[in-house]
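Residue strings, one per chain:
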Amino acid sequence: MKRILLMGNPNVGKSVVFSRLTGVDVIVSNYPGTTVELTKGRMKLGDEVAQLIDVPGTYTLGPTTPAEQVATEMMVEGDVIINVVDATNLERNLNLTLQLLNAGKPVIVALNMWDSAQHKGIQIDLVKLEKRLGVPVVPTIAPSGEGISQLVARLDEATTGSIPFDEEQRWSVLGGIVEEVQTVTRRHHTFLERLADLSLKPETGVPLAIVAGLVAFALIRVIGEGLISLVFNPLFDKLWLPVISGLSAILQPGTFWHELLIGHLVDGQIHWVESMGLLTTGLYVPLAMVLPYIFAFYLVLGLIEDIGYLPRLGVLVDTIMHRLGMHGLSVIPMLLGLGCNIPGVLATRILETRRQRFRAAILMSICVPCMAQLAVIVALLGPYGVRGLAPLFVTLAVLWVVLSLGFKYLLPGETPEMFTEIPPYRTPYLPAVAQKLWMRVRQFIREAVPFVLLGVGLVNILYVLNVIQVLGRWLEPVLTSVLGLPPEAVGALLIGFLRKDVAVGMLAPLGLGVKQLIVACVVLTVYFPCAATFAVLLREFGLRRMAKAALLMTVVALGVGGLLNLIL
Amino acid sequence: MIVSLAEMAPGQTGIVVSLEGGHGMMRRIAAMGIRRGAAVTKTSSQPFRGPVSVQVGNTEVALGFGLARRVMVEVPG
Ligand SMILES: Nc1nc2c(ncn2[C@@H]2O[C@H](COP(=O)(O)OP(=O)(O)OP(=O)(O)O)[C@@H](O)[C@H]2O)c(=O)[nH]1
Ligand SMILES: [Mg+2]
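Chains H and F supply the protein sequences, listed in that same order.
Numbering follows our numbering, with no gaps: position 368 of the first sequence is 368.
Numbering follows our numbering, with no gaps: position 59 of the second sequence is 59.
For the record, the hints were derived by calculation from the structure and aren't laboratory data.
The structure displayed is predicted, hence computed values, not measured ones.
Hints are supplied without guarantee of correctness; some may be wrong.
[Claimed, not checked] Over 12 Å on every C-beta distance to chain F, these chain H residues come out as not near it, computed from the model:
1) G62
2) M75
3) A196
4) V482
5) L558
[Claimed, not checked] One side only, chain H facing chain F, incomplete, derived with CB under 7 Å:
6) D115
7) F232
8) T420
Built from N, CA and C at the ideal position, the CB exists for glycine as well.
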C-alpha cells in the first residue's frame with residue numbers, strides 16, 4: 001500500500017488536512033505540538049487505498065529534538081510527501097520544503113491558511129512558486145475543505161524537484177524565492193492582534209489571565225450545573241425512574257439480579273448514587289453527574305485551545321514555573337489533565353526532555369484530579385460550599401508546589417529554556433469546535449462508561465465475596481488512626497484504582513463528616529492514578545520509574561491525608 | 001547601538017547581527033526566522049528574567065531570557 005506522509009511545520013493545519021482526507025477525527029488545536037503521535041489513516045486514491053500518516057510538526061529535519069528525529073525517521077518510509085505549508089509564513093515553512101525536496105522523495109505542497117494570508121494582505125504567485133520549487137503547489141483552506149479535492153487530484157503529479165544550493169546559501173536562496181513570489185500589502189492591526197499583544201505583556205497579561213481563568217471556571221460550573229438540573233436529573237427522574245421502579249417490582253429487592261441491576265434500596269427508595277446497581281448508579285454517575293461536566297469542560301477548553309491562548313499562558317507562567325524546576329509549557333498538559341489524565345500524560349511530549357516529561361506527568365497524576373472525579377467531588381462537597389471545596393483545592397495546590405520543589409532539589413537537572421512559536425489568535429471555527437467537543441464526549445462515553453459499569457459490577461461482587469469487609473478489617477488500623485476514616489472506605493480506595501468517579505460516589509452512603517470527606521477525596525486523588533492512566537504512564541516511562549512513582553504516591557497520600565486529619 | 005534581545009525595550013525594532021551560542025540551539029533559532037539580517041520587533045518581556053517575545057515576519061517567538069541574551073541586535077540610537 002502506498003504511504004503518504006503529511007509533513008510540515010508545527011501548527012500549520014496538517015491534522016485538519018488529515019481529517020479531511022481520511023475522514024478520521026483527530027484533535028486539532030491552535031498551538032504547536034498538538035499532534036504528538038504518528039496518526040495513521042486510510043484514504044481512497046482512485047481505485048487504490050493509500051495509507052496517510054500525520055507526522056508531528058517540525059521546523060527542520062535533523063537530530064536536534066525528539067520531534068525532528070521522529071519526522072526524519074518517518075520520511076524514509078514514505079512514498080509521497082504532502083508538505084503542508086503555512087502561506088502566512090512562507091520563508092520559515094519553505095525552509096523545511098527545501099530540505100524535503102533535497103531528500104529525494106516526491107513532494108506536493110499544500111499551501112494552507114490561504115484565507116489568513118489574504119486577510120493579512122499577503123499575495124503569492126502560485127505559478128512562479130511552482131516553477132521555482134519544481135513541484136505542484138495547491139492553495140488550501142483546510143477547515144472549510146477548499147482546495148482539498150484539487151490536492152487529491154494532483155497528488156500523482158508529486159515529483160522530486162530539487163533545488164541545488166550550499167548550506168551557506170540556504171537563507172539567501174529562500175529569501176530570493178520569497179521575494180520573487182510574494183507581495184505584501186500593509187494593513188492595519190486587527191482587534192485580535194491587539195488582544196494578542198495585550199495578553200503577553202505582563203501588566204495586562206496577568207490580569208487578563210486571572211479574568212480568563214475565573215470566566216472559564218464560572219462557565220464550566222454554570223453549564224455543568226445547568227445541564228444536570230435542567231436536563232439530566234429530569235431525564236433520570238421522570239423517564240428512567242418509572243422504568244427502573246417497574247423492573248425493581250418485578251425482580252424483587254434482595255434477589256441477586258435486583259442487587260446487580262438495581263442495587264439496594266435506601267429507605268425503600270431507589271437512590272441514584274447509593275444504590276450501586278448497574279442500571280441505577282452505573283448509569284447515573286457517568287451520564288448525569290460526570291457527562292455534563294465533561295461537556296462543559298471540553299467546550300470551554302476547546303474554545304481556549306482554538307483561540308490560541310495556551311502558549312501565551314505558558315509564557316506568562318514560565319518564570320514561576322522555572323523557579324519550580326518546570327517549563328512554562330507544562331501548563332498545557334496540566335490543563336488537559338484536568339479533563340482526563342490520559343491526554344494530559346500524552347501532552348507532556350510537548351516538553352523537550354524526558355526528565356521534564358516525567359516530572360510533569362507524575363505531578364499531574366498526583367495533584368490534578370480529572371473532571372470525572374471532580375464532578376462527583378463537587379456533588380459531594382459542593383453543598384458545604386467554600387468550607388468543603390477550598391481545603392481540597394488548596395491542599396492539592398500546595399502539594400503541587402511542594403512536590404515540584406522536591407523534584408527540583410532531589411532530581412536535579414537542567415530545565416530547558418522557553419523556546420516556542422506563539423501562534424496568532426484565531427477566531428474559533430465553530431463547526432471545528434463542535435466536532436472536537438463531540439469527539440471528546442464520544443470518547444468519554446465509549447471508554448469511560450464501560451469502566452464505570454465494570455466498577456459498579458465489581459463493587460457488588462466484592463461485597464458478595466466479602467473481600468471489602470475483610471480488607472476493611474485488615475486496613476482498619478491505618479484507615480482509622482492515620483486518616484480518620486471508617487473501615488468501609490476501603491471499598492472506595494479499592495475501586496479508585498479503576499474509576500475515581502465511582503470511588504468518590506461510594507463515599508456518599510458512609511455518612512462521613514465534611515472533614516472525613518475532604519481527607520478521603522484528597523487521598524483518592526493522590527494515592528494512585530486510575531488504571532487506564534497508569535497503563536499509559538507505564539508505556540511512556542517504563543516499569544522502573546513507575547514503581548518508584550507508585551511508592552511516592554502511596555507515601556504522599558498517607559502523609560497528606562494524615563496531616564489533614566490532624567489539622568482540619 | 002548593539003544590544004541583546006533581552007535588553008531591547010518592548011516595541012523596539014532592530015536588525016539581528018549575531019547569534020552567540022551553541023550550534024544546535026542557534027540553528028533552531030535561525031529556523032524560526034531569527035538570524036543575521038532579519039528585522040525583529042520585541043513584543044513583550046516578563047519580569048524577573050522571564051522569557052521575551054519577538055515578532056519576525058509573521059511569526060511571533062517566545063525565548064527564555066538566557067537565549068534572548070545571546071541574540072545580538074543593532075538598534076537605532
Ligand atoms: N484560518 C485558517 N486556520 C487554519 C487552517 N488550517 C488550519 N487552521 C487552524 O490552525 C490551527 C492548527 O491546525 P492543526 O491541524 O492542529 O495543525 P498541525 O499542523 O496538525 O499542528 P501540530 O499537530 O501542532 O504540528 C488550528 O487552530 C486550525 O483550526 C486554514 O487553512 N485557515
Ligand atoms: Mg496536528
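We went through each hint and held it up to the structure:
| no. | hint | verdict |
| --- | --- | --- |
| 1 | G62 | 8 Å, violated |
| 2 | M75 | 17 Å, holds |
| 3 | A196 | 8 Å, violated |
| 4 | V482 | 40 Å, holds |
| 5 | L558 | 36 Å, holds |
| 6 | D115 | 14 Å, violated |
| 7 | F232 | 42 Å, violated |
| 8 | T420 | 5 Å, holds |
Against the hints set out earlier in the document, violations occur for numbers 1, 3, 6, 7.
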